[in-house]
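There are 2 protein chains.
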Amino acid sequence: MRIELFYDCLSPFSYLAFKVLRRYKPVWGFDLQLRPTLLGGVMAGTKNLPPIARPWAASTVKIAAQDGPRNKAYFNVPNMQPFPANFFGPDGPADKRGLARDMRYMRLLTSVRLRHPHLLEPVTAGVFDLIWADPNARDAKGNVIITEEILSAICTDAGISSADAAACIDAIGSDETKSALKGSVGEAIDRGMYGAPFIAITDHGVASQPAEMITFGSDRFEQLAFTLGLPWYGPDPERPSATSSKL
Amino acid sequence: MRIELFYDCLSPFSYLAFKVLRRYKPVWGFDLQLRPTLLGGVMAGTKNLPPIARPWAASTVKIAAQDGPRNKAYFNVPNMQPFPANFFGPDGPADKRGLARDMRYMRLLTSVRLRHPHLLEPVTAGVFDLIWADPNARDAKGNVIITEEILSAICTDAGISSADAAACIDAIGSDETKSALKGSVGEAIDRGMYGAPFIAITDHGVASQPAEMITFGSDRFEQLAFTLGLPWYGPDPERPSATSSKL
Numbered sequence: 001m002r003i004e005l006f007y008d009c010l011s012p013f014s015y016l017a018f019k020v021l022r023r024y025k026p027v028w029g030f031d032l033q034l035r036p037t038l039l040g041g042v043m044a045g046t047k048n049l050p051p052i053a054r055p056w057a058a059s060t061v062k063i064a065a066q067d068g069p070r071n072k073a074y075f076n077v078p079n080m081q082p083f084p085a086n087f088f089g090p091d092g093p094a095d096k097r098g099l100a101r102d103m104r105y106m107r108l109l110t111s112v113r114l115r116h117p118h119l120l121e122p123v124t125a126g127v128f129d130l131i132w133a134d135p136n137a138r139d140a141k142g143n144v145i146i147t148e149e150i151l152s153a154i155c156t157d158a159g160i161s162s163a164d165a166a167a168c169i170d171a172i173g174s175d176e177t178k179s180a181l182k183g184s185v186g187e188a189i190d191r192g193m194y195g196a197p198f199i200a201i202t203d204h205g206v207a208s209q210p211a212e213m214i215t216f217g218s219d220r221f222e223q224l225a226f227t228l229g230l231p232w233y234g235p236d237p238e239r240p241s242a243t244s245s246k247l
Numbered sequence: 248m249r250i251e252l253f254y255d256c257l258s259p260f261s262y263l264a265f266k267v268l269r270r271y272k273p274v275w276g277f278d279l280q281l282r283p284t285l286l287g288g289v290m291a292g293t294k295n296l297p298p299i300a301r302p303w304a305a306s307t308v309k310i311a312a313q314d315g316p317r318n319k320a321y322f323n324v325p326n327m328q329p330f331p332a333n334f335f336g337p338d339g340p341a342d343k344r345g346l347a348r349d350m351r352y353m354r355l356l357t358s359v360r361l362r363h364p365h366l367l368e369p370v371t372a373g374v375f376d377l378i379w380a381d382p383n384a385r386d387a388k389g390n391v392i393i394t395e396e397i398l399s400a401i402c403t404d405a406g407i408s409s410a411d412a413a414a415c416i417d418a419i420g421s422d423e424t425k426s427a428l429k430g431s432v433g434e435a436i437d438r439g440m441y442g443a444p445f446i447a448i449t450d451h452g453v454a455s456q457p458a459e460m461i462t463f464g465s466d467r468f469e470q471l472a473f474t475l476g477l478p479w480y481g482p483d484p485e486r487p488s489a490t491s492s493k494l
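Protein chains in written order, with my numbering: chain V, 1 to 247; chain B, 248 to 494.
Don't read these hints as lab results, they were simulated from the structure. Remember, predicted model here, so these are calculated numbers, not experimental data. All residues carry an ideal CB built from backbone N, CA and C; glycine is no exception. Possibly wrong hints are sitting among the right ones.
[What the hints assert, rightly or not] Restricting the straight-line Cα-Cα distance to at most 25 Å, the calculated cross-link-like pairs of lysine-lysine (DSS-like) are:
#1 B/K272 with V/K182
#2 V/K25 with V/K96
#3 V/K47 with B/K343
#4 B/K272 with B/K319
#5 B/K388 with B/K319
#6 B/K294 with V/K47
#7 V/K141 with V/K96
#8 V/K62 with V/K25
#9 B/K429 with V/K62
#10 B/K294 with V/K62
#11 B/K388 with B/K294
[Said to hold, decoys possible] Listed below are several chain B residues computed to face chain V (Cβ distance under 10 Å; list not exhaustive):
#12 N390
#13 E434
#14 I436
#15 S488
[Unchecked claim] Over the 10 Å line for every Cβ pair with chain V, so calculated as not near, a few chain B residues:
#16 D314
#17 G339
#18 S421
#19 G430
#20 A472
Same shape as in the complex, but just chain V (with noise of 0.2 Å):
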């Protein structure tokens, strides 16, 4: 079985369904295949909005306070930060300032991708939890602070030479990188994603389901789980948050 997971480090729910796969891989038993996208070009392509840029915004935010730190429990991610003061700039998602606007990390991802592929997964986790799981990142504002300093460290970290570090962070801004991820996003999109995480199951073996079954999200893992014929605990499996006792 490969699951691909199509993702943004910016999208939180991507961060989420990131930490339940890597969880799974070894309870399920499949090739996880990581595709750096970018959530902004998703959106352009398939004219979404982001949520707080939808007309009914403001009608969601009282069930959204609860609803994070239920998940921050439920899913057992202890670390996990609020949404950094600078995800959006000042003037919007539009603005440049804005972490939705800064292309460098996923480019980043991309470039770990073109030149180090088994090393993307711990790359990818190093930029997730910079963005959202490590509060010495953010400055006293609350800004999540991206330098290319910041980011060759993460890649020195998950194992890449210095040197190497140092050439990927080169071809970040690279027509090569550009183009690949460019590539994913398009592909992505040809393929059903409108959002993150989007996540595609190939060489699964049940008949009854689509040679490619597609999700949004990160919360039809039990759904897509039960489909499978595979067990699901909850979303640690180290910390079973269902139960299967005799009623």
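Use these hints to put chain B onto chain V, whose structure you have.
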């Protein structure tokens, strides 16, 4: 513990949530309070758009085509039918010929709530089945046919006398009914509803949680159960889809 379900029988995810909550009543032991609302009123009051009317609706079709059948299996609702052909009228969401603009069935449930609250649950089940689970309720074109006779039969099947059922039908157009339904919509929006179903949990006795826990949709039950320290076996506890076996 009290669980209030604010729903519209037009909403397929309300149907799924209603099924799950009925099944879990004996498992979790709670007071289920059914609160009929009008999805159209909630959407208008929060500036929300029906999924099909959002600019990115076309991009969601591929995943939705798989998610529906997977939910049918996972939620164990083998009789669930496709969307009624007349969900909206031929001219779209504002077309009065569509079920989305037919106020009768949710007004009927409001009138039953006012007059026979102890029978609201089986009448609600009858209306949900009419729209989502009864192939015989549809004409050859897939339109769900709703008449006063059909609504009356749902009432009497649920245990309301013929005379009382006639009174409930008569009350569909009364100011008292309309005002009560409008009041429920306003109350629900104030409490955080922006789509259907909306679920509010109170008297839960879990000090770490807000006194009123709120959520949206039919895909947060495991999260809620975990947060409340309640068991989760999947959407049908009689046919567990989760497991807690040792890894």
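Q: Mind checking the alpha carbons of B/K294 and V/K62 for me, to see if they're no more than 25 Å apart?
A: holds, 15 Å
(Q) The output says B/G339 does not contact chain V. Does that hold with a beta carbon cutoff of 10 Å? (A) holds, 18 Å
Q. Taking the closest pair, is the beta carbon of B/A472 still more than 10 Å from chain V?
A. The assertion about B/A472 is violated, with a minimum of 8 Å to chain V.
Q) Taking only the CA atoms, is the gap from B/K272 to B/K319 under or equal to 25 Å? A) Measuring from Cα to Cα gives roughly 21 Å; hence the hint holds.
Q. B/K388 and B/K294: Cα distance at most 25 Å?
A. violated, 32 Å
Q) Do the numbers back the hint for B/I436, that is, is its least Cβ distance to chain V under 10 Å? A) holds, 7 Å
Q) Once the shortest beta carbon distance from B/N390 to chain V is found, is it less than 10 Å? A) violated, 29 Å
Q: With a cut-off of 25 Å on the C-alpha distance, tell me whether V/K62 and V/K25 pass.
A: At roughly 35 Å apart (the allowed maximum being 25 Å), V/K25 and V/K62 break the hint.
Q) Are the Cα positions of B/K429 and V/K62 separated by 25 Å at most? A) At roughly 21 Å apart (the allowed maximum being 25 Å), V/K62 and B/K429 satisfy the hint.
Q: Mind verifying the non-interface call on B/G430? Its CB should be farther than 10 Å from each CB in chain V.
A: holds, 18 Å
Q. Taking 25 Å as the top limit, are the C-alpha atoms of V/K25 and V/K96 close enough?
A. Between V/K25 and V/K96 the Cα gap is close to 37 Å, so the pair fails against 25 Å, i.e. violated.
Q: Measure nothing beyond the straight line between the CA atoms of V/K47 and B/K343; if it is 25 Å or shorter, mark the hint as holding.
A: violated, 28 Å
Going down the numbered hints, you'll see the structure goes against 1, 2, 3, 8, 11, 12, 13, 16 and 20, while the others check out.
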